[in-house]
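Q: Construct all of the structure, not just a fragment, from the sequences and the given hints.
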Amino acid sequence: MVTAMKTDTAISICTMLPAEVDLAIEWAAREGWNPGLDDAACFRAADPEGFLMAFVDGEPAASLSAVRYGETFGFIGLYIAAPPYRGRGIALRLWQAGMAFLGDRVIGLDGVPERQHDYRRSGFALAWRNVRYSGTVTLAAPDDPRLVPVDPGLLPALLDYDRPFFPAPRDRFLDAWLTQRDTRRSWAFVEPAVDTGGGSGRVTGYGTVRQCRAGWKIGPLFADDAVRADLLFRRLAACAGTDTVILDLPEPNPAALDLAKGYGLSPVFETARMYRGTAPSLPIDRIYGVTTFELG
1 MVTAMKTDTA ISICTMLPAE VDLAIEWAAR EGWNPGLDDA ACFRAADPEG FLMAFVDGEP
61 AASLSAVRYG ETFGFIGLYI AAPPYRGRGI ALRLWQAGMA FLGDRVIGLD GVPERQHDYR
121 RSGFALAWRN VRYSGTVTLA APDDPRLVPV DPGLLPALLD YDRPFFPAPR DRFLDAWLTQ
181 RDTRRSWAFV EPAVDTGGGS GRVTGYGTVR QCRAGWKIGP LFADDAVRAD LLFRRLAACA
241 GTDTVILDLP EPNPAALDLA KGYGLSPVFE TARMYRGTAP SLPIDRIYGV TTFELG
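Following UniProt numbering, the numbering of the sequence shown begins with 1 at its first residue and continues without gaps.
Just so you know, these hints were derived from the structure itself, not from any lab.
Note that the structure is a prediction, hence the values are computed from the model and not measured.
Even glycine gets a Cβ: it sits at the ideal position worked out from N, Cα and C.
Some hints could be false.
Simulated restraints, written as ranges between beta carbons of each label pair [said to hold, decoys possible]: (1) 267 - 160: 27 to 35 Å; (2) 22 - 214: 13 to 21 Å; (3) 84 - 227: 46 to 54 Å.
A: As structure tokens, this is what we get:
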């Protein structure tokens, strides 16, 4: 746990309270990052102590998420200084506190490309680019019985399926992220059971779509092949109706690029996925949409 501390320039760094996580997400919205309408509770579920705020004279000045996934991996996000406090070294102090909080874990982040040189100074190396695609697509939900809405009974199979796609278990986060809400819907691609024992079949893909400040964002979108990814995309995009659909995808997966371009989505933003320490080996060819830039 990060306890409040004073520095020689009277900066206090504390673990965020829930209302302060809401504030950090509001800052992210003002920066144009377009967070989901109900992201805060899901983010805090991942690591309630992993959200840090710097204060100056009691006023929130800068935010940083430093989320721990077990003892081996962490992810940095929501690194924002409020405009009146920029250029004063406050965010740097917060960054240093977050890095110390994560210790010797492998750490990932999604940063804007122009800040890559800053992150390199902290030991991060570029792994690949993630690109945000956006556009309006009006799609009917495919009529395929293998597309199943996620419910608690399916969660254990989804946690098993998700495991290769992330460097460490993230069960608490997914338990929250995959809970169905009016603003967040999740679907799985489940193959028919091949036995007669009442089994639910094998998961070969899943995805979530959530309502954001503008449009609906799909993420994650994981699938064993492009056909399943396409069906899941159509099922998820149908939730957006005539609103904008957003997909953050890893550039090294050409099938993900083809999917986005095939539905008329256009690139609008990109990040540099970087790691400090040995970059994890992930099945990029099965990642059609990353979960979230803030938490990896």
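Q: Can you name, in rising order, the numbers of the hints this structure does not satisfy?
A: none
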